[in-house]
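Place chain B on chain A using the hints.
Chains as they are written, first to last, in the UniProt record's numbering: chain A, 1 to 104; chain B, 1 to 104.
Hint data in this document are derived by calculation from the structure and do not stem from the laboratory. Just so you know, these numbers come straight off a predicted model, no measurement behind them. Where hints are given, some of them may not hold.
Which copy is meant is left open, so a pair is good if it fits within one copy or across any two.
[Said to hold, decoys possible] Derived DSBU-like pairs: lysine-lysine, alpha-carbon spacing no greater than 35 Å straight-line:
1) Lys32 <-> Lys13
2) Lys13 <-> Lys86
3) Lys13 <-> Lys29
4) Lys94 <-> Lys29
Number of protein chains: 2
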Amino acid sequence: MGPLVHHVFFWLKNPDSLEDKQLLINGIKTLKTIEQVEDIHIGIPASTENRDVVDNSYSVTEMLIFANEADEATYQNHPIHLDFVKNHQHLWDKVLVYDSRSVL
Amino acid sequence: MGPLVHHVFFWLKNPDSLEDKQLLINGIKTLKTIEQVEDIHIGIPASTENRDVVDNSYSVTEMLIFANEADEATYQNHPIHLDFVKNHQHLWDKVLVYDSRSVL
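So here's chain A without its partners, still in its complex pose (with noise of 0.2 Å):
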């Protein structure tokens, strides 16, 4: 199998502040010092055709590549980590994860 993809939405509490968006994306960029992640991608919604299909009302999304579930596991206890949650939660008010694994 190959990498492992965890793609994270983030809804912002304050989804009109731009000061709040801009502290989460420096949050992010914090976790690519982190030697388990292989990649990372910092986005924002992307102006693509309004279909129903498409959830584009997040504020924020990581997408992270790790190794494998174990180099994941290890990433979600790492300190850099750890803080990044501690210092940031206040900030959204929800948070949703997609972990896959390829099979290609």
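Coordinates of chain B only, in the frame set by chain A:
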């Protein structure tokens, strides 16, 4: 801005059918040949820890990387993509799409 990440989650009508799952995966693989698709990840739920914030109820996921919104729009109307939808939509009960543009 960086690339556009197009992440699609499929819930199968018959989630216990390995045959339906493989048919869908085989269909997704045809999307790799579309010129605008820079990279592709085809996945199934990873065996990460069950947490309230993790949604592992989907059957199959595809993540496609595009250069920008224009390429994603071209892809949506590409004959290979339209054939994929026409020939496989009977397999799924629900589709959910997240499009994000990298801020890195």
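Evaluation of the provided hints:
no.	hint	result
1	Lys32 <-> Lys13	within (24 Å within a copy, 38 Å between copies)
2	Lys13 <-> Lys86	within (16 Å within a copy, 39 Å between copies)
3	Lys13 <-> Lys29	within (20 Å within a copy, 38 Å between copies)
4	Lys94 <-> Lys29	both (19 Å within a copy, 33 Å between copies)
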